[in-house]
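Q: Whenever a hint applies, use it, and build me the whole structure from the sequences.
In the order they appear, the protein sequences are chains A, B, C, D, E and F.
End of the first sequence sits at 498 in the working numbering; the numbers just go up one at a time, nothing left out.
End of the second sequence sits at 498 in the working numbering; the numbers just go up one at a time, nothing left out.
End of the third sequence sits at 498 in the working numbering; the numbers just go up one at a time, nothing left out.
End of the fourth sequence sits at 498 in the working numbering; the numbers just go up one at a time, nothing left out.
End of the fifth sequence sits at 498 in the working numbering; the numbers just go up one at a time, nothing left out.
End of the sixth sequence sits at 498 in the working numbering; the numbers just go up one at a time, nothing left out.
Misleading hints may appear alongside valid ones.
Okay, derived cross-link-like pairs now, EDC-like style, lysine to aspartate or glutamate, Cα gap no bigger than 16 angstroms in a straight line [unchecked claim]:
(1) B:Lys497 - D:Asp307
(2) B:Lys497 - D:Glu308
(3) E:Lys497 - D:Asp374
(4) C:Lys497 - F:Glu308
(5) A:Lys497 - C:Asp374
Everything labelled a hint here was simulated from the structure, so no lab data went into it.
Computed from a predicted structure; not experimentally measured.
For reference, the chains in residue letters:
Protein chains: 6
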Amino acid sequence: MPIPTFSTLELKLENHTASINLNRPEKANAMNDAMWQELRQAFVWADRTPGVRVVVLSGNGDNFCAGIDLSLLMSVQAAVKDECLGRQNEKLHALILDLQDCLTALERCRKPVLAAIHGACVGGGLDLVAAADMRYCTEDAFFQIKEIDMGMVADVGSLQRLPKLIGDGRLRELAYTGRRMMGEEAERIGLANNVYANRDSMIMDVLEIAATIVAKSPLAIRGSKEIINYSRDHSVADSLRYVAAWNSGMLVSKDLEAAAMATLTKTTPHFKD
Amino acid sequence: MPIPTFSTLELKLENHTASINLNRPEKANAMNDAMWQELRQAFVWADRTPGVRVVVLSGNGDNFCAGIDLSLLMSVQAAVKDECLGRQNEKLHALILDLQDCLTALERCRKPVLAAIHGACVGGGLDLVAAADMRYCTEDAFFQIKEIDMGMVADVGSLQRLPKLIGDGRLRELAYTGRRMMGEEAERIGLANNVYANRDSMIMDVLEIAATIVAKSPLAIRGSKEIINYSRDHSVADSLRYVAAWNSGMLVSKDLEAAAMATLTKTTPHFKD
Amino acid sequence: MPIPTFSTLELKLENHTASINLNRPEKANAMNDAMWQELRQAFVWADRTPGVRVVVLSGNGDNFCAGIDLSLLMSVQAAVKDECLGRQNEKLHALILDLQDCLTALERCRKPVLAAIHGACVGGGLDLVAAADMRYCTEDAFFQIKEIDMGMVADVGSLQRLPKLIGDGRLRELAYTGRRMMGEEAERIGLANNVYANRDSMIMDVLEIAATIVAKSPLAIRGSKEIINYSRDHSVADSLRYVAAWNSGMLVSKDLEAAAMATLTKTTPHFKD
Amino acid sequence: MPIPTFSTLELKLENHTASINLNRPEKANAMNDAMWQELRQAFVWADRTPGVRVVVLSGNGDNFCAGIDLSLLMSVQAAVKDECLGRQNEKLHALILDLQDCLTALERCRKPVLAAIHGACVGGGLDLVAAADMRYCTEDAFFQIKEIDMGMVADVGSLQRLPKLIGDGRLRELAYTGRRMMGEEAERIGLANNVYANRDSMIMDVLEIAATIVAKSPLAIRGSKEIINYSRDHSVADSLRYVAAWNSGMLVSKDLEAAAMATLTKTTPHFKD
Amino acid sequence: MPIPTFSTLELKLENHTASINLNRPEKANAMNDAMWQELRQAFVWADRTPGVRVVVLSGNGDNFCAGIDLSLLMSVQAAVKDECLGRQNEKLHALILDLQDCLTALERCRKPVLAAIHGACVGGGLDLVAAADMRYCTEDAFFQIKEIDMGMVADVGSLQRLPKLIGDGRLRELAYTGRRMMGEEAERIGLANNVYANRDSMIMDVLEIAATIVAKSPLAIRGSKEIINYSRDHSVADSLRYVAAWNSGMLVSKDLEAAAMATLTKTTPHFKD
Amino acid sequence: MPIPTFSTLELKLENHTASINLNRPEKANAMNDAMWQELRQAFVWADRTPGVRVVVLSGNGDNFCAGIDLSLLMSVQAAVKDECLGRQNEKLHALILDLQDCLTALERCRKPVLAAIHGACVGGGLDLVAAADMRYCTEDAFFQIKEIDMGMVADVGSLQRLPKLIGDGRLRELAYTGRRMMGEEAERIGLANNVYANRDSMIMDVLEIAATIVAKSPLAIRGSKEIINYSRDHSVADSLRYVAAWNSGMLVSKDLEAAAMATLTKTTPHFKD
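A: Shown next, in the form of structure tokens:
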């Protein structure tokens, strides 16, 4: 697969690391219809392209993402308009499911997704990074469950995924007040894995973390993501049972061998994609 | 509905904010039978009264709450006494369910409940605030799973709800040792959303947070609480499916319109209850 | 039951506190086959011995535990060898389940398990302490999901139990990068309950915490562990229902009586095992 | 508690058996607003009245129940009318939950509920008996998921509870086609426990079954219902764990003793309520 | 969308009823790679085409379906071949997920799927119809969990979906013995909704059932399928909560109105797609 | 492993079929303490012995099993006696868990268990066969949830496992009335897979079914049981996900190869244990 080109995203692939940049800087990367669809396509591409071992998601311009484009939100009502109220709501239902699915594409992508966040990360932008594996941010990054200020219930991931990252009590305050949370606090409570002085130092470090992941067994990385996804949503007993089934087929691999050999010879192992 | 009067609680309703104060200050607000029942009634009232958009729960006197009144605990055995051991335990079962239900009333109340805590918050008092949406406390507030010192397993909420707030490992230490945890630590680990120098500054800030919530779309606030309650107990996939069904009926509202208009005109939106 | 003797563990029982020490110091307490099996036996013993009210788990020598013994890992392939690939993987499946079960023995043990960790706590060592109730560590302790460096998916507990302790986002970074996390960070994010300057001060304090637990009602401690285990894996509603059934049989006890009497007389209660 | 009187129900209490008869025969017992509310009240009464050990639910006149009263259904839209579509749907949501709760009262009632059905049992009538413990019917009884003919999705129990009685495939045909199913087929597929030639022979036999239940230990009957309710909705492992907790408090009773003694002396045991 | 054409399926759309016929009669409709993929495409088409209100699935020639094409099964090993055993199994994993997804397309299709079965319905053919809403068959139809005779565990639906149709005990006998079950038995135990003397009478009646469904509110039919799918996999309490959210948005519709009007005027209601 | 000998069971191993016979015919095979323990040991043996591919469980003498031995039941109270009510109930809890575990051993045994039942199968006997894979019975066999007549809630499996076999409504009648259900009815409702004129014809046919299972791939049989056990307790989506993980490691086997070859050559495949 060649690297696809998109109207709202910028893609790069270097050293097994795919960089996916939100690319509507003049709109603070507000998510219009095209961006939702292209995000899904980009992560399907990252998932299926063997050479991609990790993804770094960031935003071009001064902000990570201003959330759903207001014009898209305002066009929703027209888009689902129907003389029958039930059918109108059924169309709205389909539309919400579709938007959710665009973001869940990050979770379905078998390779880790690292979000690097600076400036605004609000509304749909926060829903988006909630579906990433890890989040890194600058000190001036700020996070907001902006939906409450639009008079609506957030419905594409923040209320579902954030409690597992920051706990139930902190999530509720953010959800009800819509207040801005700055980068340092985000790091302190577990939303971000690390906080940086500025975008450049952040990107440099995140690319290094990505490089660390690239150096691991790709098979084990993909398996770990699958197992962690499963464990988040199941009991410990069920999760142990699942990983036992999983590893009975995946444990014995060339990578296990290569890693063992490298340990014995104190060399660096090399793994296939 | 007029504001009800209670023997153990003090109620106020100002600026859409209901204040519910535990009011047995001479007993450090120990929870006697009347208080358990009145708490449920008060939160049913807050839920059903359209003008109430948020609830602030605090304690009169020097402490938030000393937990279950010892006389109530000691009367339990007499209350369930039966010559048949099975029936005795069946009555005890019904009594535990009823006490649990008095506290779950906070969760069922569709409006956010903010607990403002100073001094002692122990035993049943901790079970109580665990069922609130957010917790704020003073530096001299202290939290204790006091039940272990009474020779019993805590059974009205702390062991069930705290792990989602502070994590499994921290909860266990508190549960097994019954040690006091002060306000600052509570904030650091996610039990409290913020910590304050004293009761006055806390109440002032909590009322401001309440006012922030009052200014949001009440419909969206109620919906957000429902969705967060659901998400706490279900997988991400199930939770996304639920909010899609929910919002297909609740998204398109006068509040969405008012909020959009306010954004365009850079004014403050006004919402009905 | 007399205190059993083991080839890889050192056991002591003093003041109702069982000390279980990993005892292959010359191998950094790497977990060979004997150690896996003996860990299970030791915790079955601790569970069944009435005089044991709490367990402290630590490591002899310079490190807590270097993880699975490499020779054991490398013998796995030979151990499950079969000309039929399906049967080979079936044997591997049984072996993984067995190793998981050795560690889940800590969870099944009805008495709290306190892990005291210094130096390396990596790979299987981290899986091991993840199954403990609480974790305490020294500043120089370091934690690593070492499995990723062996080219494999961790399959005996870390990926399943750590998210409930440190949140989903932090777990993922550790799982994908295999980076070392030092004691202070472990405490800050909730993996460890406390961090100490050195092993001696840690052990002294952990034994004191153990003594605190020993002084509580053993019946209530065992019940609390059962209820917390259950709550971790079930919804709040289910968990409340379960503890109501539990306490209808276990609440009324000599310990409740003794604790109440001690409160009234301001004395220290004494409880049977 | 005295036997309450209702406008839409007829109550009797004889030989520990409460008879609750739908009593709008001139309307084929169509469920108007009063009947929904009174059903809940009647089953709360049956639950709380110690002398009631079993409930028989039947219909006066020529039919068991014609379902929701059309006038109630048609008044719904007016009742929830609101200029804001979101609030309108929120009110409708509350109304559906309330109707569901009226029927779930049968399930919450700790005593077995036996529905005796003749003639029409359609729409809400089928939802109603789906919440009973057992169903008995005449040959001329007929069952219909009438909601599909009203242009709506059944939302008060049939689609949720029937699959556990008759299997997923049979439920779907009834739900999509709204076809009439006669008594014999109902018995054959497990919806009804038995089928009778006419109402009189049915009532006589159902009262005998009720008498059989009355003669059992009331404590064990109530416990069995609780355990079966739980088991329907949980895994076998969870259900075994729950009943173990339950019986640890409820097994040892005067009834166990009385039953054992009766077995030894070959007499009939007598149990308290 | 025009009616698509397929190499292994024959499609028709008449009277809102889509007929999808397996069309490799010379191979007893054995499922080759093309058929798996085309089945998914056909049901996506049926889902998205407004004019399709119901689907009838049957087989051309003498049999419904002989299951997975042996050549496909035998090519699997070659297709996933990899020098690394772990990667080989990972590819196999992806392939199984893909085949499962082809059949789950029947479940995801929001319109009811009626399978009309004659002759052989074995292996993958049984997995296929297990994902349909209802099954109808001839007397000479026979069902077999053929996978056990191929030396493998059935992995695309039979073991997962059949227990909900025929109960756990009957499913196990079929799964372990691979025995043939004839049409009459299938009907008796709930696998088939009805059994017919021959293919013609079956098709005629199934088309009539389809016509009955076509005459209902399409909105309510789609909603009912969604709700039944959900209820199969969740507790009664969760399922009631879900349908309440669903119907708060979907209940008030033109179809509800049309149905009510038709009832009053004793006419036949007409619904939009 | 040699065939173990037991005091209450008779074991045989012929043609890969283990016969386990309850062997206290003079007591109608009432389950005393030894029998509970030996049942667990026997099924552990069957699970671990490679040569055992299927188990047939039946009873010597005139009845299958009269249930728990009354003397055991009556000794329970003495066995758990403790001056502390809480500890007494805790011991009872441990005892119930242990008895449950003795029967769950049938489910954990990876080989199918076929119960062949004649005469009485009541109380604990019914709990026992509920944990088998399939049940076959004679016309004069009768089933009873006898526990209700002992004044207790059945707690070792019937209330948990029977609903999955016979549906919720039929289970409730049996549980509340304790009535006898004869063999033909048992077959009709799905408890028994088949019913026979007498014990001899039953045993002959069950051994033939066993022989059919013996002739299948033992690897695929063991896998099928694991997958069916899992599916009973999980959603369809989870179950599909689990079997995909399972088969990615177990599908490609010598048995798959042998079966394919046998199909092509129209011979009978031979499989290793």
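Q: Sort out whether Asp307 of chain D lies within 16 angstroms of Lys497 of chain B, counting only the CA atoms.
A: Holds, because 11 angstroms separates the two Cα atoms, which is no more than 16 angstroms.
Q: Take a quick look at whether Lys497 of chain E and Asp374 of chain D sit within 16 angstroms of each other, Cα to Cα.
A: 15 angstroms, holds
Q: When you check the alpha-carbon spacing of Lys497 of chain C and Glu308 of chain F, does it fall within 16 angstroms?
A: 11 angstroms, holds
Q: Holds or violated: are the alpha carbons of Lys497 of chain A and Asp374 of chain C at most 16 angstroms from each other?
A: Distance of about 15 angstroms is within 16 angstroms: holds.
Q: Check the hint pairing Lys497 of chain B with Glu308 of chain D against an upper bound of 16 angstroms on the C-alpha distance.
A: Roughly 11 angstroms separates the two Cα atoms, so the pair holds.
Of the numbered hints given earlier, the model fails none.
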